[in-house]
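Fit chain B to the supplied structure of chain A, relying on the hints for placement.
There are 2 protein chains.
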Amino acid sequence: MAVKPIPNIVVGRLPIYLRALQRMSQEGRRVTSSQELGERLGISAAQIRKDLSQFGEFGKQGTGYNIEYLADQLQSILKVDRVWNVIIVGAGDIGSALARYNGLSERGFRVVMIFDNDPSKIGQPIGPFHVKNIANLVEEVQPAGIKVAILAVPAQQAQEVTDLLVEAGIRAVLNYAPISLAVPEGVRVQYIDPVTHLQHMSYYL
Amino acid sequence: MAVKPIPNIVVGRLPIYLRALQRMSQEGRRVTSSQELGERLGISAAQIRKDLSQFGEFGKQGTGYNIEYLADQLQSILKVDRVWNVIIVGAGDIGSALARYNGLSERGFRVVMIFDNDPSKIGQPIGPFHVKNIANLVEEVQPAGIKVAILAVPAQQAQEVTDLLVEAGIRAVLNYAPISLAVPEGVRVQYIDPVTHLQHMSYYL
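Protein chains in written order, with the working numbering: chain A, 1418 to 1622; chain B, 1418 to 1622.
Chain A extracted, bound-state conformation:
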């Protein structure tokens, strides 16, 4: 029997569901419903039920979802029931903020190295790290088997650094540079650009 791949847009909603469930759990809650989740997230209850049903049966009609169980299942589906090592490239404001941010390791991602090409930054401490020389990126990252990178360099250098990341074996790039990146098949990129979000909202102002 052929298995249909889950649409990418559905996969993209799972981390949102997981985050809401984890918050409910912190609030001491044990059970929720697609209605309640939908109200918290501004997503219809029907959409949430449909999304989750693609991965299995997580709730019983009338009794709702067990929060801890559903969160565990989503963590497993998203492969964050383990911890992924992550490198940061770019020790500017954003890269430094992320290197110090505890919220990553609590949710499946542990920063293990930060790189820059600026001689005045290389060797300097940022949070628990010392900035490494980007010239050594491939030889440091490849043998460590690291698959995830956060890119926080200027737009002008982003493609060149991305090529280096791909060479080093990176398969997932979270890109803060405001530029679209070209990557070979099998490598994923997600973009964080505050201005695109602001412009999306200003349309409605």
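By construction, these hints were calculated from the structure, which means they are not laboratory data. Keep in mind that the hints are not guaranteed to be accurate.
What the hints assert, rightly or not - Just a few of them, taken from the derived set where beta-carbon distance is under 7 Å, the chain A residues facing chain B: (1) 1428; (2) 1544; (3) 1545; (4) 1546; (5) 1607.
Note that CB positions come from ideal geometry on N, CA and C, so glycine has one too.
Same frame as chain A, now just chain B:
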């Protein structure tokens, strides 16, 4: 004749098109095609043509798009042919990085104030600003007619601060706190949470 509203997901792609066009313009380019844009962005040429056609006729069959003209039109549609004043709430790592980031003002958004509730931060300089006391937020922001805010406070305080922003007349909130916010009708929220992007990609690893 009834005018159909443009789907939100289409509006969300316009800033991506605009960003690519502005980069092409910086590269000295004058004309592009939906094919070329699509290759840069990983979006099909047909999708781009369909999206743009919802707003008018921007190119001629066979001659492509004039980059400067299309960028101007998109800026006008997204209402970033003007500059929006923006406040930042939260003078931690992320708020400070954004207060110093020039990339906002170049693309339609000018930070004009930054607020925090921490006495050790209030009055301190960050980039060209001095941190203001959040207790004065409503009385500072409301008379200035500011409509856009960037929220960079801890998750625990995000809803409370959002209520304050709404009271102050803010209509668009870019939220960096990893929590879903409740806002009244007419107020928009967009979310930036690096972990949801990382988890989206780890699914495929």
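Now for the hints, and whether the structure bears them out:
1. Satisfaction of the interface hint for residue 1428 of chain A is found here, the shortest Cβ-Cβ separation to chain B being roughly 5 Å, below the 7 Å cut-off.
2. Evaluation of the residue 1544 of chain A hint against chain B yields a violated restraint, the C-beta minimum of about 10 Å exceeding 7 Å.
3. Because the smallest distance between the Cβ of residue 1545 of chain A and any Cβ of chain B comes to about 14 Å, over 7 Å, the interface hint for this residue is violated.
4. Because the beta carbon of residue 1546 of chain A sits about 14 Å from the nearest beta carbon in chain B, more than 7 Å, this interface hint is broken.
5. Because the beta carbon of residue 1607 of chain A sits about 4 Å from the nearest beta carbon in chain B, less than 7 Å, this interface hint is met.
Figure legend: structure checked against the earlier numbered hints; hints not met, in rising order: 2, 3, 4.
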